[in-house]
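Trainee: Sequence:
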Amino acid sequence: MYHYVREHDPQLPHFRYLDKRNFERQLDWFAANGGFVDFDAWCGFLAGDAMPAGFILTFDDAMRCHRDFAFEILRARGLWGIFYVPTQPYAGGGLLDVHKIHLLTGAFDGRALYGFLKSIITPEMVPFAKREEFDRLTYVTQENYEGVSEFKRVLNYFVDEALKSQLIDAVAQHFDYRFPDDFYIAPGAIREMADRGMIMGSHSVSHPVMSKLDREAQKAELEQSFACLDAMTALRQKTYCHPYGGFHSFNDDTVDLLDGLEVDYAFNVESRDIEPADIVRSRQFLPRYDCNEFPHGKAS
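Heads up, the sequence shown is in this note's numbering, so the first residue is 1 and it goes up one at a time.
Just so you know, not all the hints are guaranteed correct.
[Said to hold, decoys possible] Pairs of lysine-lysine residues, derived as DSS-like cross-links and limited to a Cα-Cα distance of at most 27 Å, are as follows:
(1) LYS238 to LYS219
(2) LYS219 to LYS298
(3) LYS238 to LYS118
(4) LYS164 to LYS118
(5) LYS219 to LYS164
(6) LYS238 to LYS212
(7) LYS298 to LYS20
[What the hints assert, rightly or not] Simulated restraints, written as ranges between beta carbons of each label pair:
(8) ALA170 to GLN11: 31 to 39 Å
(9) TYR177 to GLU7: 29 to 37 Å
(10) LEU95 to ALA231: 14 to 22 Å
(11) ARG272 to ASP169: 32 to 40 Å
(12) ARG77 to ARG283: 23 to 31 Å
(13) GLY54 to ALA170: 18 to 26 Å
These aren't lab readings, by the way, just hints derived from the structure by calculation.
Computed from a predicted structure; not experimentally measured.
Backbone N, C-alpha and C fix where the C-beta goes; we use that ideal spot for every residue, glycine too.
Make a model of the complete structure from these sequences and hints.
Mentor: Encoded structure:
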């Protein structure tokens, strides 16, 4: 699983990303230590054939750097990847909250961000009953600067979803930060990548913690995201990955809805290899490693 694959930006001195040169070094390591799964063999496994050996590469959130760097590197090497797209930005919804948070924590000191956020939050803004569980399970594999995990955890998991955008924008206004308007892969580039062998999958509409939503809200996130993707490019496979990932981020309703929509497979975040039995027992939450668990994958 990859997120940002890019070059250094001096305007984001605290930003966490995988440098494109380390991405290439990691691909070299994968090639020498198991190789890559052939796409036809992957399709065969989904249909019931023997499980192929090797690595599958997935990229979350459809950031422009995926088109500018990751896609070009994969194409030059004759490789394919799966790119998971949150569709709200393509329906006129603008920058997602999750990426506003990434940009703020990249631009400013985490302690300052968290300090200001605490100053404007009241207990009534944090109604969600599973706060203790999320505090124990979220961001456990990430190495963030001081204050960053706390800032992200409060906004992504604790606060009422109806207040989240308002709080993020208040932080940005306080620090006088303007969000970019060219953050995501352009619609035409989505089509180009699909035409050149990449798999485009759903990452919901607005990238919520699905387990915080009722069944109808989850259904809307899934149905609308697939409809938007299908309008942008013909889908070779109907695939999805759970926003944020981890078993706390989705629930039985999510899995049932994915089955009902006849989604071919979905990815979770769970640090283990896919096993043959997973295609039956875990088809809608296949395990997936973070790239930082392998050589050359540590964030810059």
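Trainee: When you check the alpha-carbon spacing of LYS238 and LYS219, does it fall within 27 Å?
Mentor: holds (15 Å)
Trainee: Is it true that the CA of LYS164 sits at most 27 Å from the CA of LYS118?
Mentor: holds (13 Å)
Trainee: In this structure, is the beta-carbon distance linking TYR177 and GLU7 contained in 29 to 37 Å?
Mentor: Violated: the Cβ-Cβ distance is about 21 Å, outside 29 to 37 Å.
Trainee: Compare the distance between the alpha carbons of LYS238 and LYS212 with 27 Å, and conclude whether the hinted pair is satisfied.
Mentor: This hinted pair holds, its Cα atoms lying about 24 Å apart.
Trainee: Take the C-alpha atoms of LYS298 and LYS20, compute the straight-line distance between them, and say whether it is at most 27 Å.
Mentor: holds (12 Å)
Trainee: Starting from LYS219, check that the Cα of LYS298 is at most 27 Å away, please.
Mentor: Answer violated: LYS219 to LYS298 is near 35 Å, above 27 Å.
Trainee: Measuring from beta carbon to beta carbon, are GLY54 and ALA170 in 18 to 26 Å?
Mentor: At roughly 46 Å between Cβ atoms, ALA170 and GLY54 fall outside 18 to 26 Å, so the hint is violated.
Trainee: Given the hint of 23 to 31 Å, check if ARG77 and ARG283 actually sit that far apart at their C-beta atoms.
Mentor: Since ARG77 and ARG283 have Cβ atoms about 29 Å apart, the given range 23 to 31 Å holds.
Trainee: Starting from the range 31 to 39 Å, see whether the pair ALA170 and GLN11 falls in it by beta-carbon distance.
Mentor: violated (21 Å)
Trainee: For a C-alpha distance cap of 27 Å, please report whether LYS238 and LYS118 respect it.
Mentor: Distance ~41 Å between LYS238 and LYS118 Cα, so the pair is violated.
Trainee: For the range 32 to 40 Å, tell me whether the beta carbons of ARG272 and ASP169 fit it or not.
Mentor: holds (39 Å)
Trainee: Mind checking the alpha carbons of LYS219 and LYS164 for me, to see if they're no more than 27 Å apart?
Mentor: OK: LYS219 and LYS164 at ~21 Å, within 27 Å.
In the structure shown, a violation is registered for the earlier hints numbered 2, 3, 8, 9 and 13, in ascending order.
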